[in-house]
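Following the hints, position chain B against chain A.
If you read the sequences in order, they're chains A and B. Following my numbering, the numbering of the first sequence begins with 1 at its first residue and continues without gaps. Following my numbering, the numbering of the second sequence begins with 1001 at its first residue and continues without gaps.
Since the hints were derived computationally from the structure, they do not count as laboratory data. Predicted model only: the values in this text are computed from it and were never measured. Do not take every clue at face value.
Stated by the list, open to error - Which residues of chain A face chain B? A few of them, derived with a C-beta cut under 8 Å, are:
#1 Ala34
#2 Pro84
#3 Ser138
A virtual CB, placed ideally from N, CA and C, is assigned to each residue, including glycine.
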Amino acid sequence: MSWFKRKKKGILTELSEQNDMPEGQWVKCPGCSAILNRRELEENFLVCPKCGHHFNLSSQRYFNLLFDEEAYERHDEHLTSRDPLHFEDRKPYTQRLEAARKKTSRNEAVQSATGTINGLPLSVAVMDFSFIGGSMGSVVGEILARSVKRAYTEDRALMIISQSGGARMMEGALSLMQMAKTSAHLTRLADKGLPYLSYMCNPTTGGVTASFAMLGDINMAEPDALIGFAGPRVIRETIGQDLPEGFQKSEFLLEHGFLDLIVDRRNLQEEVGRLLGLLMA
Amino acid sequence: MPNNDSQYLLDFEKPLVELEQKLDEMRTLDANNLSIDLSEEIAALESRVKELERSIYQNLTRWQRVQIARHPLRPYTQDFIDALTEDFVELHGDRAYGDDRAIVGGFASFKGAQHGYADQTVLVLGHQKGRDTKERKFRRFGMPNPEGYRKALRLMKLAAKFNKPVITLLDTPGAFPGLEAEQRGQAEAIARNLFEMAQLPVPIVVVVIGEGASGGALGIGVGDRMLMLENAWYSVISPESCSSILWRSWDYKEEAARALKLTAPDLVEVGVVDEIVPEPTGGAHRDPEQLFTTTGQAIAQVLHDLQALSVPDLLDARLRNLDQMGIFDEAPANPSVAAPTS
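The following block holds chain A by itself, in its conformation from the complex:
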């Protein structure tokens, strides 16, 4: 018996997964400024044990957290973005893509997988804000559409975990059309009576909120996430005054009737399992 037996499998993942947190054994919580031990934080699903702040969680960690036995099949990792518009602002889009791939060790801003949760079949897609702001271009739209398709052709429930600045500017109208594409596939899932759970993380804005993220049968969000259509800066400039405290936060959306539940990540597996158990039994 080793002294350092891992209590939970799959918690310590490769370094490339940890790019949203600074290196080192100690991490300062942006929520409450407490100095946290990295190992403890990771055992706590990257939620600050002091204030409940949710650090970004990678797709792999979400898969491990949700699927039974941490067993699942990944899909669509072989899709890569092209540069259909030859887009160039201060930097060419191709360079931005290359940098994002290097930084995240991922091909794109969403990853998909299938597996089971409490024995129930589930298709999951997880967006990743560290890849060009989690923005949705052709590949992201296609992977999401395939995740929905996989759900309705294989009789699975669907869960999409969103974290995105919205549609990707560098693919112009093609990005915009991904909103319609993903939403259109959701109609077929609904026809089959299969549940769709949407879980919105910090931040979820723009064309992602204004399409599949708001279309869950059950709309859920992590605590204190920024969720909206227009960004706070744009709204402030439009109306010429400061925004009220808590505006566009999860709790605000719950109060205004656009969320069913705010779910702490530490309870996510349990909550999703319970909901799907009720709906798919």
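Frame of chain A, contents of chain B only:
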């Protein structure tokens, strides 16, 4: 007819309009004065006008097209409704919060007979901009609030109930980015429309008539066929906002317009737009009557084609069409199975 009021002139229109004014003066002079024959000079000037027109409008930059799409004299949704339909009855309100004046809609008789098809009842709706300061404010610059999208959805569901086709006209700088819009669920309202329009069991023809920015346009823009006027623009964001985000300055709107590839020919190339509706030389505002005829013809033809399909075929084709939106690379699949990592 071209309106020569100089306050409405775009920079690149000025030389042309000045030349046209000169031509008009000469014609008047010629008509009033029998002793001088100016016909040769007039003919020469006419050909110069034509030439100048060609040189200006054949090589429009993307930013110039954006300017034409925003021309203050450009026909708006209500003008199209007046020209293409009869007996329009505007319907109001979302039955939940209010009536949004940035979107107008209602039932009307589409004048298909003019184009060789039958007249028929349609549901027509679109973003509405205002002509003067007062009306612009009243129409919120064509930027809808959630109740606008919800009104549109209510009307489209009525169209489905009475089995009438839907024509939507897109002309917005975007959904309104306001505090109340967010409170009342701008994102949810747009998302709901995308979902419902994808399965609305009647034909939907979408026409981009002016500006088509972002989810604010798409919120009434999902359908079976996408038509776009020659000088309209359609993209994920306006050139100005794109400039402010990517260049961190408002000064790069021309570069942003170029980068976004937002013109009708650009969008045909990437498969987003099905058909370009040609505009009169110089833009829709220089000859609205001609534009209405061309647009009416295009819509009549598309409606005729779509109405030949059964509802299941129509909806399958709509989903297939949306499904193939996007351009990307796909390497050979190599699915990996993650086993427990102990």
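Consistency of the hints with the structure:
Checking alanine 34(A) against chain B: minimum C-beta separation of about 30 Å lies over 8 Å; hint violated. A hinted interface residue such as proline 84(A) counts as satisfied when its beta carbon comes closer than 8 Å to some beta carbon of chain B; here the least separation is about 4 Å, so the hint holds. Hint status for serine 138(A) relative to chain B: holds, with the closest Cβ pair at about 3 Å, below 8 Å.
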